[in-house]
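Please model the complete structure; the sequences and the hints are all you need to start from.
Quick note, the sequences are listed as chains F and Z, same order. To convert a position in the first sequence, counted from 1, into the working numbering, add 9. To convert a position in the second sequence, counted from 1, into the working numbering, add 1.
Hints may be right or wrong, so weigh each one.
Once the Cα atoms are required to be at most 27 Å apart in a straight line, the calculated DSSO-like pairs of lysine-lysine come out as [what the hints assert, rightly or not]:
(1) Z/Lys116 / Z/Lys189
(2) F/Lys105 / Z/Lys135
(3) Z/Lys45 / F/Lys105
(4) Z/Lys5 / F/Lys129
(5) Z/Lys153 / Z/Lys124
(6) F/Lys74 / F/Lys17
(7) F/Lys169 / Z/Lys5
(8) Z/Lys151 / Z/Lys104
(9) Z/Lys104 / F/Lys105
(10) Z/Lys153 / F/Lys105
(11) F/Lys74 / Z/Lys151
(12) Z/Lys137 / F/Lys169
(13) F/Lys169 / Z/Lys124
(14) Z/Lys97 / F/Lys105
(15) F/Lys105 / Z/Lys46
(16) Z/Lys45 / Z/Lys135
(17) Z/Lys97 / Z/Lys81
(18) F/Lys105 / Z/Lys137
(19) Z/Lys45 / F/Lys169
(20) F/Lys105 / Z/Lys147
(21) Z/Lys137 / Z/Lys46
(22) Z/Lys35 / Z/Lys104
(23) Z/Lys35 / Z/Lys5
(24) Z/Lys104 / Z/Lys137
(25) F/Lys17 / F/Lys203
(26) Z/Lys135 / Z/Lys147
(27) Z/Lys46 / Z/Lys35
Bear in mind the hints are in silico, worked out from the structure with no lab data behind them. None of the values given here were measured: they were computed from a predicted structure.
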Amino acid sequence: MNQWDNFKKGFLKENPVFVLLLGLCPTLGVTTSALNGLAMGLATAFVLVMSNSVISLIKNLIPSKVRIPSFIVVIASFVTIVDLVMAGYAPALHAKLGLFIPLIVVNCIVLGRAEGFASKNNLLSSLIDGASMGLGFAFALTILGGIRELLGGGAFFGHKFITGDGILIFVLAPGAFIVLGYLIAIVNIINKSKAKAHCSTD
Amino acid sequence: MANKESTFINMVATLFIVTFISSAAVGYVYEATKEPIAQARLEKKTIAIRAVVPDFDNKPIDETYTINSNVGPLSCYPAKQGGQLVGTAIEAITNKGFGGTVKLMVGLLPNGVIKDIAVLEHKETPGLGDKMDKSKSDFSIQFNGKDPSKMKLTVSKDGGDINAITAATISSRAFCDAVQTAYTSYMKEGKQ
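Printed below as a string of structure tokens:
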């Protein structure tokens with residue numbers, strides 16, 4: 010697999026939210042607006058890139074029986090660092106996402122990539138894999154948040170288009186499930202038609 | 002892949018080194034961000050105080066005192082202009098909100114009239130209860146300039162003088178409750 014394919018896969022083919030369905034707790038919880046989704050996505054992306062890189066560097070030094078606790082410690086450290094830096098330099102954002110930042114530790118994507126990819130590949134591949142998965146996650150959360158904000162509040166990234174309220178249910182929890190369901194369906198259609206095109210050219 | 006063998010010594014040593022380096026890194030970042038975090042908290046509080054009391058030239062946070070109320074001690078921030086008390090910002094709290102705790106900053110003039118109210122913290126439903134925030138609706142503005150001793154600080158459904166947020170009566174009640182608590186406690190023992 011060349012590195013460009015490695016990078017591309019996180020957006021559609023192996024998107025953590027739309028295809029792998031990992032990390033749905035923050036996905037459904039924070040995406041009440043596009044900005045929240047983007048910020049949460051970027052925070053996760055940072056943790057993914059850093060933890061993937063560190064783990065691919067130390068993978069040979071860690072006895073396999075204690076690899077999971079070691080990975081968790083590495084991941085938790087980076088999450089705490091993000092949490093503290095955000096609280097210090099972006100307090101408004103931290104107030105909104107505060108509850109979900111510590112939850113990045115238990116986000117399946119991060120540990121999944123550490124165990125499934127970074128512990129078997131070299132530094133460069135792992136770094137690109139982390140960036141790909143992280144940005145794919147941010148991409149999915151931004152779209153989800155954007156659609157919910159647009160339908161639920163008539164706004165996009167905080168810019169209001171209409172006066173008054175939108176369709177309230179989209180900002181509430183059920184709206185997250187409805188929008189996510191449709192998005193997964195759309196991504197499935199795209200991925201299937203791509204696979205078909207691939208087959209016919211072969 | 003030449004993994005290290007999983008002997009007892011290896012495992013203990015690895016875990017020790019990993020946790021040691023991690024805690025050192027986290028400790029360093031904690032020290033480095035301590036100052037900005039405290040600064041950000043202070044900033045947030047100062048902005049909230051500035052929003053709810055008339056112009057002042059002292060530092061209300063340095064003159065903080067607490068008053069007792071039926072929900073525990075409340076912090077008061079006296080705002081003074083030229084040494085003269087022009088208003089007091091009270092950090093009001095209630096746990097009767099739809100999503101739990103609601104924290105307000107209530108600004109009272111020395112005679113007890115409400116100057117302005119800012120929402121510090123809440124977990125109310127987005128689109129419904131969060132309209133208590135001034136940026137989302139005019140609900141909180143109806144309190145401004147009112148004297149709580151001359152009106153009933155409850156929603157009209159309960160026979161009071163406050164127009165509740167549509168479809169968010171519980172949030173509106175919590176808001177009134179916090180303001181009432183702050184006012185009562187301040188009148189009872191708050192004046193300094």
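Please name the hints from earlier in the document that this structure breaks, with their numbers sorted from lowest to highest.
-> 6, 7, 10, 11, 17, 20 and 23
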